[in-house]
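Now for the letters of each chain:
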Amino acid sequence: MRSDRSLTIVTRTLAAISAAIVLLIIGFLLREAAPALRQLGLSRFFTDESWHPLSSQFNLTPMIVATLVTSAGAILIAAPLGIASAVFVNFYAPHRLAVWHRRLIELLAGIPSVVFGLWGLMVLAPIVATFGGSGQNLFTATIVLGLMVLPTVALLSDAAIAALPRPWIQGAAALGMGRSAIIGWVVLPGARRGIGSGIMLALTRAFGETMAVLMLAGNIVEMPSSLLSPGRTLNANIALELGYATAGHRSVLFVSGLMLMLVVSCIVLLISHRRGHQA
Amino acid sequence: MNDSGTATSRVIGVRHHRREVCVTVAVWTAAMSVIGLLIWILTDIAVRGLAEIDFGFLISDMQNAGREGGIGPIILSTGLILLVCLVVSIPLSFGTAIALTERIGQETGFACNVRRSLDVLAGVPSIVFGLFGNAFFAITLGLGYSILSGGLTLACMVLPILIRTSEQALRAVPAEYQYAAAALGMKRTTILFRVVLPVAMPALAAGVVLSIGRALAETAALLFTSGYVARSPESLLDSGRSLSVHIYDLAMNVPGGGARAYATACVLVALLLMINLATAFLLRMTGVRHRSTTGGTC
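Each protein sequence line maps, in turn, to chains P and D. Here the first sequence is numbered in my numbering, starting from 1 and rising by one per residue. Here the second sequence is numbered in my numbering, starting from 1 and rising by one per residue.
Hints in this document: simulated from the structure, not taken from any laboratory. No experiment lies behind these values; they were computed from the predicted model shown.
Listed below are several chain P residues computed to face chain D (Cβ distance under 7 Å; list not exhaustive):
#1 Asp4
#2 Leu7
#3 Ala15
#4 Ser18
#5 Ala19
#6 Ile21
#7 Ile25
#8 Thr210
Label-pair restraints from in silico Cβ distances:
#9 D:Met32 - P:Val123: 12 to 22 Å
#10 D:Met32 - P:Ser134: 28 to 38 Å
#11 P:Thr47 - D:Arg103: 51 to 61 Å
#12 P:Arg192 - D:Gly256: 44 to 54 Å
#13 D:Phe193 - P:Gly276: 29 to 39 Å
Glycine residues also receive a C-beta, built at the ideal position from the N, C-alpha and C atoms.
Construct the entire structure; sequences and hints are all you get.
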């Protein structure tokens with residue numbers, strides 16, 4: 001029995017280490033962000049004149065706005081398309097096409113963000129540029145971001161729809177409801193929790209995405225005036241400036257990382273809390 | 001009276017029919033446009049990339065900031081980063097998955113907390129992993145910009161998915177096998193190593209392959225941990241550039257690097273396609289389907 005106990009001890013220790021990594025990450029972010037939070041306080045990140053870290057101007061607002069705009073736009077693109085493709089797979093596609101559709105969506109989920117960025121830069125940006133500007137703006141970034149988070153919505157909605165009790169759908173069909181009515185009145189309301197989780201998870205992916213936005217959004221720090229104006233997100237800002245940032249500047253970058261981390265963690269905990277209630 | 005009733009029902013019937021057609025067209029259009037975009041991206045990468053690739057490209061050194069020459073050293077660095085990542089993450093994940101599945105059919109409070117913390121870890125943005133890796137591995141542990149820092153950062157990043165897939169692999173082993181083994185008087189350790197792990201092996205391997213795909217695709221977490229240096233690394237403490245970082249650098253920082261960026265992207269996508277096929281093959285061997293990216297009931 002001694003080997004059994006040592007097995008339990010070893011595996012539980014490993015599990016504890018895996019679980020502790022999150023705490024380690026939060027701990028290190030806090031440690032590195034502390035100097036900026038202590039010296040500047042939270043309000044200066046919103047009230048400073050501009051983002052000129054070398055002359056101690058740390059206004060994060062334009063970047064926060066750019067992050068919110070691109071993420072929200074991405075969800076507006078990904079949610080309808082993702083839900084439609086989940087409905088397609090379950091109700092419209094012939095069996096063989098449905099299998100392929102799922103496989104291709106999973107493939108789309110696996111394409112690296114730099115590859116999306118490269119495609120956006122070389123193919124999509126020149127097309128968007130015909131509307132004016134260089135083509136590297138929030139609009140291009142939003143489209144590609146939407147495409148990137150789409151598989152999350154599609155796969156989770158698909159799973160939620162597939163998990164619905166068959167008798168609901170058969171019953172609705174027996175009442176003489178048409179296919180679109182069944183989907184609109186039975187399937188989507190029934191699967192709304194799963195679909196909602198998918199959309200929220202996609203939102204965390206959109207907040208967390210760096211490379212594609214970095215390559216496509218134009219990276220100019222200014223308050224976006226329209227969708228066609230260039231912008232820089234918080235993530236892109238970290239990726240651009242961490243390499244040469246020192247002291248206070250570096251610490252401010254960690255503050256922005258901490259903000260991202262906290263927002264995303266809250267959403268994830270909310271999803272897992274909801275799921276806990278459901279079970 | 002009767003006439004108008006038939007007319008109304010005919011109007012309603014026409015309206016229903018029209019709505020049915022509209023929804024069908026909308027759903028097909030949406031689904032086909034998603035697939036169309038995916039095929040557009042893949043053919044674009046393949047057509048522009050394959051034009052640049054030959055055998056020399058895959059093995060020779062990089063020249064002129066990447067505009068000429070090959071990606072030999074970059075493939076080597078990528079391989080080493082993956083190796084470090086797997087050497088650390090596989091024991092951790094398998095151990096954690098065994099701890100999470102130690103009771104059949106019931107959930108301990110410990111497992112519930114571990115799972116919740118892994119859910120959060122799965123949502124951490126990759127640039128935050130980069131910040132953490134830079135602060136912890138590169139600076140606090142003194143590893144600097146090195147393959148070791150990069151690999152360890154990626155190990156933290158793939159941990160949730162690797163644990164999730166390993167856990168599903170272990171759970172898919174029929175409980176009867178374990179009951180039968182226990183009835184024979186085998187110890188839990190023996191059951192684990194002689195019964196559960198061998199049965200779960202293909203599904204465990206599929207999880208590992210899936211994680212390799214995740215790690216290969218990652219860029220943001222590597223920018224400030226394994227660095228940009230494109231020479232062949234001489235040890236794990238040297239900085240090394242991964243394929244994805246190379247694509248980013250060529251596309252953004254090297255004027256005229258687009259063609260080679262496409263070639264590198266083509267290599268990367270080809271590797272990921274192979275990984276995708278390998279995962280599907282391994283999963284078919286076991287009959288395990290894992291689709292959900294998060295899950296588990298607490």
